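There are 4 protein chains.
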Amino acid sequence: MAIKVGILGAKGRVGRAIVEGVSAADDLELVAEVDRGDSLDKLVDSGAEVVVDFTQPGAVMDNLEFCVGHGIHCVVGTTGFDEQRLDKVAEWASKDGAGHVLIAPNFAISAVLTMAFAAQAAKFFETAEVVEYHHPTKLDAPSGTAIHTAQGIARARAGAGMGEMPDATEQTLEGARGAVVDGVPVHAVRTRGMVAHEEVIFGAQGQSLTIRQDSYDRSSFVPGVLVGVRKIAEHAGLVVGLENYLDI
Amino acid sequence: MAIKVGILGAKGRVGRAIVEGVSAADDLELVAEVDRGDSLDKLVDSGAEVVVDFTQPGAVMDNLEFCVGHGIHCVVGTTGFDEQRLDKVAEWASKDGAGHVLIAPNFAISAVLTMAFAAQAAKFFETAEVVEYHHPTKLDAPSGTAIHTAQGIARARAGAGMGEMPDATEQTLEGARGAVVDGVPVHAVRTRGMVAHEEVIFGAQGQSLTIRQDSYDRSSFVPGVLVGVRKIAEHAGLVVGLENYLDI
Amino acid sequence: MAIKVGILGAKGRVGRAIVEGVSAADDLELVAEVDRGDSLDKLVDSGAEVVVDFTQPGAVMDNLEFCVGHGIHCVVGTTGFDEQRLDKVAEWASKDGAGHVLIAPNFAISAVLTMAFAAQAAKFFETAEVVEYHHPTKLDAPSGTAIHTAQGIARARAGAGMGEMPDATEQTLEGARGAVVDGVPVHAVRTRGMVAHEEVIFGAQGQSLTIRQDSYDRSSFVPGVLVGVRKIAEHAGLVVGLENYLDI
Amino acid sequence: MAIKVGILGAKGRVGRAIVEGVSAADDLELVAEVDRGDSLDKLVDSGAEVVVDFTQPGAVMDNLEFCVGHGIHCVVGTTGFDEQRLDKVAEWASKDGAGHVLIAPNFAISAVLTMAFAAQAAKFFETAEVVEYHHPTKLDAPSGTAIHTAQGIARARAGAGMGEMPDATEQTLEGARGAVVDGVPVHAVRTRGMVAHEEVIFGAQGQSLTIRQDSYDRSSFVPGVLVGVRKIAEHAGLVVGLENYLDI
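Protein chains in written order, with the UniProt record's numbering: chain A, 1 to 248; chain B, 1 to 248; chain C, 1 to 248; chain D, 1 to 248.
Keep in mind the hints are simulated off the structure, nothing from the lab.
Treat the hints with care, since some could be wrong.
[Stated by the list, open to error] From the structure, some residues in chain C lie toward chain A, with a derived Cβ separation under 10 Å:
#1 F81
#2 S110
#3 P136
#4 M194
#5 V195
#6 D214
#7 S215
#8 D217
#9 S220
[What the hints assert, rightly or not] Listed next, the in silico EDC-like pairs over lysine to aspartate or glutamate satisfying Cα-Cα at most 20 Å (straight line):
#10 D:K138 <-> A:D27
#11 D:K138 <-> A:D167
#12 B:K138 <-> C:E126
#13 C:K123 <-> D:D26
#14 C:K138 <-> B:E170
#15 D:K123 <-> C:E33
#16 D:K138 <-> A:E170
#17 C:K123 <-> D:E174
#18 C:K138 <-> B:D167
#19 A:K138 <-> D:E126
#20 D:K123 <-> C:D82
#21 A:K138 <-> C:D26
#22 A:K123 <-> A:E164
#23 B:K231 <-> A:E126
#24 C:K123 <-> C:E174
#25 B:K138 <-> C:E164
#26 D:K138 <-> A:E164
#27 D:K123 <-> C:D35
#28 C:K138 <-> B:E126
#29 B:K123 <-> A:D27
#30 C:K138 <-> B:E65
#31 A:K138 <-> D:E29
#32 B:K138 <-> C:D96
#33 D:K138 <-> B:D217
#34 C:K123 <-> D:D247
#35 A:K123 <-> B:D27
#36 B:K123 <-> A:D26
#37 D:K138 <-> A:D247
#38 C:K123 <-> D:E234
#39 B:K138 <-> C:E243
#40 D:K123 <-> C:D27
Here the structure is a predicted model, which is why all the values come from computation and not from measurement.
C-beta atoms are modelled at their ideal positions from N, C-alpha and C, and glycine is treated no differently.
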């Protein structure tokens, strides 16, 4: 029996990609498309079991209060959640009969897995570095994803009692060894034509392990959203981060 | 307090690399080097807690019976274990006070992690292919590691109820789409100068995930052996496969 | 002084990308956009010095006869040129005052350079293999570009008196070693999410050289078209293949 | 008819690898192995047509004066040549009947081709960056080869009248965008297990071109030395840099 799915922000660029993704999946049934100006009652009336919210920080809290209160699960890619907002959502989601909530900053499953695997691999390798590649119109360097990846590696190394990485560099040009994030070098390449790519390179005696993620276009969040939709019934309360749904 | 380590086959090429690796590790103490002609009593006399055996199929069973019987743990890279031999070792290792045994066909930790991560990632991606790269003097194509990797991916896909991968190929040259191992295409590249390298490529909408392993020289088994030595006290009985020691 | 450019097929998907590319270039001036139903006189009236034709096999010969006859240079990405058509165009382009013509099957400059560099490198390496990566809805495997690349490598090897590549494979699964194109193994990977990618791997003692081309979206022909527009005045008559414009 | 080859410094690590390489080549005949203490007359007596010199800065000038004066060609990998030394060698090599001389700082043919192709490709791409990978015991970062590669790209861009690369970075961590060599970002990764690897990444609309060089072990200079031995008869006088022998 297909899961009944409603989509909030269905007419935005992101929303339309999710509409397409849900429609194409045999095990999901698209029952409601809601956009600005539409009543949220449409979600209840259509029998939606899960709602996907990629809307605006200004709208998402009202959406969540309504859906969770009506026992509808919420997969949320909207940004702007601080501690206070997360506490509020957790409170709503903890009530009897409340809908479950997944809030994730990144639904690109290849990127989420890269971070998860990197954290798992870190303790087995003497060295680890991150290289990320983006188009040259990107404003920040390194990317947020690369910084998070490095932080996860650093935490895993610390947890395993590992010290500083070996680096005999004596003679260097400024910047050659990258930015250092919690002890992990991170390099940002800006290449015309590229979209969003990340590579984590681990080294040990006689070998290396490379985990690489490539996003080729902006629809790369869709598979991760569908994982969220399919699994949210098993995860009560508020969960932050898609990695918690991946059984890894 | 350092773990006391004895090495069987200490004068072979592999054994010497392990001697070096153990000697260089602060938390391990090399207490015995045993080679053909030496008495196994040396291991007991030296107080070895863990023994590493990279010897010959003709010697390894006697070594294991002796060590396990004396409560010494055994990390084993020697080949030639069939079901019958494994049953025998499991029986020895199940006795009260017996040494623990780890037998692994592959101690290259980057290769073991590649297989483990590939099996974990498989269910999240529509497509998966394996490309392996070796020197042109290799006799088999694809490599055993690549075949195992493909089999692990196939099992994970089957377990998640995934069907065949999409492939619209109509017009093809024979061999272009690789060998098919349990439904997973595997390609073998033979390149002068390369050593042993494997790449697993997963694809989903708008993105790909690539896990790559490079072995640059034949000492790449050392870090995995040291993981075995450090963790064997926690794993009673017989364990086959280093992946079971990696907490992933 | 900017080169005056007219575009045939300006309203098609490809045409619009070229319109954008020409408009964005400081050294080019877009003077005419012509599509089905428009008179070709517009090109003459606007003073176009170079015309770009990405139209249809059914239209391109008339377009070329007109333009070349009026002394307008033609950069042509339209398909469907056989020997007979090429002879005809060459004849038109050989007349006094005729426009120059560049016909190229591939304007993705990264792909054209990959083929050119591969042909140059081939004689210095014992082994060479091609791996191409495309989305799984592609009908042919390997791609035409990969086949051409392999043929170029084979010609270069033959020209240098090189024999067969070393390959000790004795035990194999059918297809593992790829399709063989003039002695060069070619592997085709089909990955959801990827677009069009090609890798050429050369091996020699202790080293490898890899030349890789990635097309991330369908506008990747634009930079090559602009190279054609800028250089066509220097190349009289008919030239087939963008590589002849690259001074390499 | 095989070319007769003598080797200076034949007993050193490098010399032995060259002895092996020459011995294995059908078109070359090893006629003399000379090391410290041996008379150079051995080279003349053996009829050597080409000599390979991988010795010491303190010995190489005497070796060259002798060989060139006796009409023996010299392929030289010894370091320590400044302008003054090069002038002297050029003078010797310009005499009637003198031996030809090739002096090259880098004989790894994959590295030399990477630099040559990078310089050729540079003018066709909006962006170019260099990433090099070495073991963590390397003292300098970036590597000399990476710096030369970046300088060659910068010269090619300047020659084509190209300006600065686009880079919208506003918010950055120090070092993230690499070291800047003549306007080209260069990143140095230090990974245990790796040997010497370099990647040049070019970007243009919708595409990228990557040229990568991997050295897996220290014998990677051999194929380049053999190219030098085979071609030196065609190149009179003094030539600096193997790239000048490659017909590219």
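Comparing the hints with the structure gives:
1. F81: The hint is violated - F81 of chain C has no Cβ within 10 Å of chain A, the shortest such distance being about 28 Å.
2. S110: Check passed: Cβ of S110 of chain C comes within 8 Å of chain A, closer than 10 Å.
3. P136: violated, 14 Å
4. M194: Because about 7 Å separates M194 of chain C from the closest Cβ in chain A, which is inside the 10 Å limit, the hint holds.
5. V195: holds, 6 Å
6. D214: holds, 8 Å
7. S215: holds, 9 Å
8. D217: holds, 7 Å
9. S220: The hint holds - S220 of chain C has a Cβ within 10 Å of chain A, the shortest such distance being about 7 Å.
10. D:K138 <-> A:D27: Not satisfied, since the Cα-Cα distance of roughly 54 Å exceeds 20 Å.
11. D:K138 <-> A:D167: holds, 8 Å
12. B:K138 <-> C:E126: holds, 15 Å
13. C:K123 <-> D:D26: Holds, because 16 Å separates the two Cα atoms, which is no more than 20 Å.
14. C:K138 <-> B:E170: holds, 9 Å
15. D:K123 <-> C:E33: Status violated; Cα separation ~28 Å.
16. D:K138 <-> A:E170: holds, 9 Å
17. C:K123 <-> D:E174: Violated, at roughly 43 Å.
18. C:K138 <-> B:D167: holds, 8 Å
19. A:K138 <-> D:E126: OK: K138 of chain A and E126 of chain D at ~15 Å, within 20 Å.
20. D:K123 <-> C:D82: Given that 20 Å is the threshold and the Cα spacing comes to 32 Å, the pair is violated.
21. A:K138 <-> C:D26: Violated: K138 of chain A and D26 of chain C sit about 23 Å apart, past 20 Å.
22. A:K123 <-> A:E164: holds, 12 Å
23. B:K231 <-> A:E126: holds, 18 Å
24. C:K123 <-> C:E174: violated, 29 Å
25. B:K138 <-> C:E164: It holds: about 16 Å lies between the C-alpha atoms, which stays within 20 Å.
26. D:K138 <-> A:E164: At roughly 16 Å apart (the allowed maximum being 20 Å), E164 of chain A and K138 of chain D satisfy the hint.
27. D:K123 <-> C:D35: Violated: K123 of chain D and D35 of chain C sit about 32 Å apart, past 20 Å.
28. C:K138 <-> B:E126: holds, 15 Å
29. B:K123 <-> A:D27: holds, 15 Å
30. C:K138 <-> B:E65: violated, 57 Å
31. A:K138 <-> D:E29: violated, 58 Å
32. B:K138 <-> C:D96: Violated. K138 of chain B to D96 of chain C sits at ~61 Å, over the 20 Å cutoff.
33. D:K138 <-> B:D217: holds, 18 Å
34. C:K123 <-> D:D247: With a Cα-Cα distance of about 11 Å, the restraint between K123 of chain C and D247 of chain D holds, given a limit of 20 Å.
35. A:K123 <-> B:D27: holds, 15 Å
36. B:K123 <-> A:D26: holds, 16 Å
37. D:K138 <-> A:D247: violated, 40 Å
38. C:K123 <-> D:E234: holds, 18 Å
39. B:K138 <-> C:E243: violated, 37 Å
40. D:K123 <-> C:D27: Cα-Cα ~15 Å, so holds.
Hint violations for this structure: numbers 1, 3, 10, 15, 17, 20, 21, 24, 27, 30, 31, 32, 37, 39, all remaining hints satisfied.
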